[in-house]
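J.: Sequence:
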Amino acid sequence: MAMFEHELILPCSPSAAFEFLRRPVNIARISEPNMGLKFTSAPDVIEEGSLLEFQIVSFNQVHKSAHRISRFEPHSIFEEVQEKGPLAAWEHVHRFEVHPEGVRLIDEIDFELPGGLLGLFLSEDKILDSLEDGFFYRSNQLQQLANAGEIV
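685 is the number of the first residue of the sequence shown in this note's numbering; add one for each residue after it.
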């Protein structure tokens with residue numbers, strides 16, 4: 685499986701960042717518009733066992749996905765695992781650590797390319813580049829919201 689990692693320091697507490705990011709409406713809010721993220725079924729706040737059903741646009745195709753929250757430790761970590769989606773596998777760990785300037789957000793994503801026709805068009809590098817672009821946008825959005833006092 686391929687791996688992507690991203691870190692961001694925000695000027696807020698781990699609990700504030702965690703509470704903000706456990707709400708699917710906020711995930712949609714900080715996602716790159718070109719990604720076309722739309723939750724079709726999701727709870728107001730996630731917890732262990734929550735199922736998030738959504739669609740995204742990637743590589744000029746609309747893809748439906750379903751991710752389950754497989755691990756949930758309030759204010760420190762949650763993990764989502766793809767149950768249905770375009771990739772053969774997807775696991776995303778969200779970590780929240782105390783940092784002298786606030787919170788260190790650590791995202792670790794392990795993924796496996798799909799088989800079939802879609803697998804012929806994709807490469808690990810394409811997916812990694814797409815993740816890099818998406819997290820760059822997300823980081824800027826989170827930084828702006830934290831600096832404006834909207835993540836407290």
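Simulated from the structure, these hints should not be mistaken for laboratory data. Note that this is a predicted model, so its numbers are computed, not measured. For each residue, glycine too, the CB sits at the ideal point set by N, CA and C. Check the hints yourself; a few may be wrong.
[Claimed, not checked] Pairwise CB distance ranges (calculated):
| id | residue 1 | residue 2 | range |
| --- | --- | --- | --- |
| 1 | D794 | T724 | 19 to 27 Å |
| 2 | V836 | P727 | 19 to 27 Å |
| 3 | E767 | E691 | 37 to 45 Å |
| 4 | H747 | A832 | 26 to 34 Å |
| 5 | F820 | E781 | 17 to 25 Å |
| 6 | H747 | P695 | 20 to 28 Å |
| 7 | G803 | Q827 | 19 to 27 Å |
| 8 | V729 | F805 | 33 to 41 Å |
| 9 | S699 | H747 | 28 to 36 Å |
| 10 | V709 | F820 | 16 to 24 Å |
| 11 | K748 | H783 | 32 to 40 Å |
J.: All hints, please: hold or fail.
T.: Hint check:
Evaluation of the 19 to 27 Å hint for D794 and T724 yields a pass: the beta carbon distance comes to about 24 Å. The hinted window of 19 to 27 Å between V836 and P727 holds, with their beta carbons roughly 22 Å apart. Distance hint for E767 and E691: a CB-CB separation of about 27 Å, inconsistent with the stated range 37 to 45 Å. Checked against the hint of 26 to 34 Å, the pair H747 and A832 passes, with Cβ atoms roughly 32 Å apart.
Between F820 and E781 the beta carbons are some 21 Å apart, a value that agrees with the proposed interval 17 to 25 Å. One distance hint, 20 to 28 Å for the beta-carbon pair H747 and P695, is violated here, with the actual separation near 34 Å. G803 and Q827 have their C-beta atoms about 35 Å apart, which leaves the hinted 19 to 27 Å range violated. Look at V729 against F805: about 36 Å separates their beta carbons, and that is inside 33 to 41 Å.
Range check, S699 to H747: Cβ separation about 33 Å, and the 28 to 36 Å hint holds. Distance hint check: the CB atoms of V709 and F820 are about 22 Å apart, consistent with the given range 16 to 24 Å. Look at K748 against H783: about 36 Å separates their beta carbons, and that is inside 32 to 40 Å.
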